[in-house]
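Listed here are the chains, written in short residue letters.
2 protein chains.
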Amino acid sequence: MKTIGVDVGGTKILCRLVDPETGKARGRTKARTPKSGPADVLASIAELVAKLDPDHEAVAIGVGFPGYVRPDGVVVHCTNISGWDQPIDVGPVLRKSTGRPVVVGNDVSLGALAEHRLGAGQGEQDLLAVFVGTGVGGGLILDGQIRDGDRGLAGEIGHLTVHTNGRLCGCGGRGHLEAYAGKAGIEREARRLAANGETSFLMDMVQNGSMKSRHVHQALEAGDPVTLRLMTEAVDALAQAIGNVATILDIRRVVLGGGMTDKFGQDFVDQIAASSSFGGFGSAKLQLRLAERMDDAGAVGAALLAADSLAPS
Amino acid sequence: MKTIGVDVGGTKILCRLVDPETGKARGRTKARTPKSGPADVLASIAELVAKLDPDHEAVAIGVGFPGYVRPDGVVVHCTNISGWDQPIDVGPVLRKSTGRPVVVGNDVSLGALAEHRLGAGQGEQDLLAVFVGTGVGGGLILDGQIRDGDRGLAGEIGHLTVHTNGRLCGCGGRGHLEAYAGKAGIEREARRLAANGETSFLMDMVQNGSMKSRHVHQALEAGDPVTLRLMTEAVDALAQAIGNVATILDIRRVVLGGGMTDKFGQDFVDQIAASSSFGGFGSAKLQLRLAERMDDAGAVGAALLAADSLAPS
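One line per chain: the protein sequences are W and H, in this order.
Going from the first sequence to this note's numbering is simple: count from 1 and add 1356.
Going from the second sequence to this note's numbering is simple: count from 1 and add 1356.
Simulated from the structure, these hints should not be mistaken for lab results.
Where hints are given, some of them may not hold.
[Unchecked claim] Straight-line C-alpha distance at most 25 Å; calculated DMTMM-like pairs for lysine to aspartate or glutamate:
hint	chain 1	residue 1	chain 2	residue 2
1	H	Lys1619	H	Glu1577
2	W	Lys1641	H	Asp1445
3	H	Lys1641	W	Asp1375
4	W	Lys1641	H	Asp1428
5	W	Lys1641	H	Glu1577
6	H	Lys1641	W	Asp1445
7	W	Lys1407	W	Asp1375
8	H	Lys1641	W	Asp1506
9	W	Lys1641	H	Asp1506
10	H	Lys1641	W	Asp1428
[Said to hold, decoys possible] Non-contacting residues of chain W with respect to chain H, defined by C-beta distances greater than 12 Å in every case (computed):
hint	residue
11	Lys1358
12	Gly1393
13	Gln1481
14	Thr1520
15	Asp1560
16	Gly1599
17	Val1601
[Stated by the list, open to error] Pair ranges (Cβ atoms, derived):
hint	chain 1	residue 1	chain 2	residue 2	range
18	H	Lys1641	W	Gly1526	43 to 49 Å
19	W	Gln1643	H	Glu1554	42 to 48 Å
20	W	Arg1585	H	Asn1436	51 to 57 Å
21	W	Ala1667	H	Glu1648	34 to 40 Å
22	W	Arg1570	H	Thr1588	54 to 60 Å
23	H	Gly1479	W	Ser1392	40 to 46 Å
24	H	Lys1641	W	Asn1564	38 to 44 Å
C-beta atoms are modelled at their ideal positions from N, C-alpha and C, and glycine is treated no differently.
Given the sequences, and given the hints that come with them, work out the whole structure.
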């Protein structure tokens, strides 16, 4: 059996034909994400599927979106896709245009599913996947399945409070993990400090440009004290939030991915594991691992979800 | 169909005959918990069962223990039962002595199950139950079932970190919810403050005796500033931890019970709901409710688990 997995990103749409038993992905098509609105995005998905699998070898299709996907499959909004300003029930549209059953999900949760079945989460019942990049995303696998939760928002570890009345988060909340560990949060805080007279090598490099993970890396290498402090706060915030999730759910393995994690690698994982902020009962037995799947985790996870949707439950 | 639920407490063992469909409990037997070790506790359970149901009307038995129960049913330790200093696989022993299938669980999780099916959690898929008493216990129901987790420790909300490097918890950790919201934690902090010269009406009342919920209540009524501050910290810590659990799991309803909650009632729930420390995305839609089940929640929950164990999964 084959299924197709589609990963819809802010810049590109990636489409892969997958054997869900082995996770082997064969063939890929991709395209730039249309800027002209959801209808064109959905049309592009159908084109990519037709080009990838003209003979209808795949029996079902999974599609991951970068936004809020309700458990009933309605894509409420996609942060990075222009014009997606109202909920769309994409399943029926794509079913018609591709001629096959379609399931949809959140891209981060689907990445977590791929890590669980085929990456650093293999062999575990449960998995928390944390993606540290511009923001901090997360996906939760419980008993082998994606935990959606009431509204489809489960796994959002970036919006756990780590410091009461702490830093302002992009979402408007206070003291959330993402405000400490996400690249955008670190940049905001470094700029705020610089504006208050606490300059840093980090901000000297970045100036009015946009801060990249490599800037943080270079500033750390140079021993910039502000960057060192900000990274310690990031690591401690991650340790606290991860420890708390591991404790309340009693899970054993946590996988870390995302752009910032890629930049700092195993050292980043080791620092989190060694943090004194590790909360709860969870730390002693917790296995923190680097994510193993590459850029296609979202697409492969979508293909796995499509296969699950066909299996008798 | 009938099942029997047994709630093993530190002072008494309560045994009830339950119709798991309706939750109606008929008949009860109880006894003081033997201080002479686990063998006598298990013998007492069998006696209570025989007395309650001499005609074997019940087809299965559930037993809740106040301690760490592994998912495979082994009771690793029971904090409040003398001599329970090594893991015991109680199932086979009780199966033999009662002549019926026996399942075991943690008493707090079983209380949560009773609240979910028959109390303030009715109609929901998921439920977090938080019991605020001497300590802070918790039980987690996901998709209608108790979440055990890897080692059987899921739901332990009392040991989530709310303040990095904060107050010392009874478990040896730092900054855990229980150190702020449990009665023992509040008492420890009030004594520490008094020893450092910050006396309070609360400690004046308690002296060298043991602090009760009613002392806290009286001190609050009297406007004692130390007690007011400690209770605000307790409420904020509960709000932060509950908000975080609701966010990571995207659950909608939380039930509050336990001795401290009973003492302060709906006002306590309202204060938590109104706290500015409410973390995460979870607060807006969250329904915080007082627990509805009385002292027999543990026994009834145990009877429900026994019925579940017979159902084809």
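Inset, instruction - Verify the proposed pairing of Lys1641/W with Glu1577/H, using a straight-line Cα cut of 25 Å. - result: Violated, at roughly 45 Å.
Inset, instruction - Please settle this one: Val1601/W was flagged as non-interface, so is its CB more than 12 Å from every CB on chain H? - result: Violated, because the least Cβ-Cβ distance between Val1601/W and chain H comes to about 5 Å, which does not exceed 12 Å.
Inset, instruction - Over 12 Å to the closest beta carbon of chain H is the bar; see if Lys1358/W clears it. - result: Lys1358/W is indeed farther than 12 Å from all Cβ atoms of chain H, at 30 Å.
Inset, instruction - For the pair supplied as a hint, Lys1407/W and Asp1375/W, confirm whether the alpha-carbon distance does not exceed 25 Å. - result: 18 Å, holds
Inset, instruction - Measure nothing beyond the straight line between the CA atoms of Lys1641/H and Asp1506/W; if it is 25 Å or shorter, mark the hint as holding. - result: 10 Å, holds
Inset, instruction - Grab the minimum beta-carbon distance between Thr1520/W and chain H and tell me whether it stays above 12 Å. - result: 5 Å, violated
Inset, instruction - Given the hint of 43 to 49 Å, check if Lys1641/H and Gly1526/W actually sit that far apart at their C-beta atoms. - result: Once the Cβ atoms are compared, 20 Å apart, the range 43 to 49 Å for Gly1526/W and Lys1641/H is violated.
Inset, instruction - Quickly compare the C-alpha distance for Lys1641/W and Asp1506/H to 25 Å and report which way the hint goes. - result: 10 Å, holds
Inset, instruction - Starting from Lys1641/H, check that the Cα of Asp1375/W is at most 25 Å away, please. - result: Measuring from Cα to Cα gives roughly 40 Å; hence the hint is violated.
Inset, instruction - Starting from Lys1641/W, check that the Cα of Asp1445/H is at most 25 Å away, please. - result: Distance ~23 Å between Lys1641/W and Asp1445/H Cα, so the pair holds.
Inset, instruction - Below or equal to 25 Å on CA atoms is what counts here, so check Lys1619/H against Glu1577/H. - result: With a Cα-Cα distance of about 13 Å, the restraint between Lys1619/H and Glu1577/H holds, given a limit of 25 Å.
Legend entry - Holds or violated: Lys1641/H to Asp1445/W, with C-alpha atoms at most 25 Å apart: Within the cut-off at roughly 23 Å; holds.
The structure fails to meet hints 3, 5, 13, 14, 16, 17, 18, 20 and 22 from the earlier list, while all remaining hints are met.
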